[in-house]
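Residues per chain are reported as follows:
2 protein chains.
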Amino acid sequence: MSSITLLGTGNMARTIGTRAVAAGDTVEVMGRDRSRAEQLATVLGGGASVGTWGAVPAGDIVITALLHDGVAPVVVEYADALADKIIVDISNPFNASFDALAHGEETSIAQKVAEVAPAGARVIKAFNTIFRNVLEKGRPDVFIAGDDQQAKTEVSGFVAGLGLRPLDVGGLTMAHWLEGMGLVTVGLANNGVGHWDFALGADEVSAA
Amino acid sequence: MSSITLLGTGNMARTIGTRAVAAGDTVEVMGRDRSRAEQLATVLGGGASVGTWGAVPAGDIVITALLHDGVAPVVVEYADALADKIIVDISNPFNASFDALAHGEETSIAQKVAEVAPAGARVIKAFNTIFRNVLEKGRPDVFIAGDDQQAKTEVSGFVAGLGLRPLDVGGLTMAHWLEGMGLVTVGLANNGVGHWDFALGADEVSAA
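Here the protein sequences line up with chains A and B, keeping their order. So for the first sequence, this note's numbering puts the first residue at 1; every next one is plus one. So for the second sequence, this note's numbering puts the first residue at 1001; every next one is plus one.
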């Protein structure tokens, strides 16, 4: 069982929170608008609690369920309140036409977060390749990037507890490519796959 | 049935050529070292022919089965001999430690090829996310990027003929992210998956 705090009260917070409550995890919700956090905690049930925006999160794993351009600013705002926490960035920094990354650099939101995170915080990229509808109803692979092995082990335990397969792809620089895989996933939905009920996964090979 | 020319005589040329011959495709091999091309054609069998390096390829689809830093130079060398051909770049421009792209820019080998390709040539990125051993024995998804829809349709037909699933991910700028997925695939092999008998694919979602 894991102890998580969701920063944000939107669709992804609800989706991850729902699975976490179902898995028996301890879930805390923090929203800048406290009433929305309370509303989400009520929807989640399972003893989900509400924390004060900006205060030290109760969860060991803090999931920033925010729009991509809000993630690093919120980590700056929280500052030392996130010391020693595991920060999980799930964002997709798409540009307006969903065909390139908005930051246009050889970086990622997760790496930007690592640059501003307080002492002891460890940053993980995860979940971003999975459409919300898939996370709601499926068992997709969850690709995880990060530099701290212990943090990856903890997040992997959380992911496995949700009934999903965690797959470590390597260090935090790989977050850039996971964000690119988010773009490829959208590209597949709009082109070769033609629908949104799929996720990229690592498929074992059987003989042809 | 497709008509392909393989530029190169290495492992990937042999692997793709073997599947193509088995599928009944017309296969031509071109190598800078003609004796190696003749050797590969003999190994492939199925009436595989040998072309002269630098001459107009017999195949409609020209697969550059070359190391990444050789692809654009060879396209420059062939020049107008590739006019109106479909050029399929399958390369992975990994750096020496296999954790970043060697070109370090917001581009891809496929896009570099498109910059130097002759009139009428259409460039496609495909196959690069698939380990050779998987391409030998499995039925992996083949991600395809390119700007020309007709060329993508032809390459998709070739891929489907090999018994693999072609999946269009979008325009040629997506080649950058497919090259990144090559890195992620290596990262998975070295980390979360722990072996090389898998490929990234688009997995349909069933209810959890």
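It is worth saying that the hints were derived from the structure and are not from the lab. Predicted, not measured: the structure shown is a model, and the values here were computed from it. Misleading hints may appear alongside valid ones.
Claimed, not checked - If you anchor each label on the Cβ, the simulated ranges turn out as follows: (1) B:Gly1194 with A:Gly163: 31 to 39 angstroms; (2) A:Pro118 with B:Phe1098: 38 to 46 angstroms; (3) A:Asp33 with B:Gly1120: 52 to 60 angstroms.
To be verified - If the Cβ cut is set under 8 angstroms, some of the chain B residues that face chain A in the computed set are: (4) Thr1018; (5) Gly1170; (6) Glu1204.
Virtual Cβ for every residue (Gly too), placed ideally from N, Cα, C.
Verification of the supplied hints:
1. The hinted range of 31 to 39 angstroms is not satisfied by B:Gly1194 and A:Gly163, whose Cβ atoms lie roughly 21 angstroms apart.
2. Distance hint for A:Pro118 and B:Phe1098: a CB-CB separation of about 32 angstroms, inconsistent with the stated range 38 to 46 angstroms.
3. A hinted range of 52 to 60 angstroms for the beta carbons of A:Asp33 and B:Gly1120 is consistent with their spacing of about 57 angstroms.
4. The interface hint given for B:Thr1018 is violated, since its Cβ lies 11 angstroms from the closest Cβ of chain A, which is over the 8 angstroms cut-off.
5. Because the smallest distance between the Cβ of B:Gly1170 and any Cβ of chain A comes to about 4 angstroms, under 8 angstroms, the interface hint for this residue holds.
6. For B:Glu1204, the interface hint holds, since its Cβ comes within 8 angstroms of a Cβ in chain A; the closest pair sits about 5 angstroms apart.
Of the hints listed earlier, those the structure fails to meet are numbers 1, 2 and 4, in rising order.
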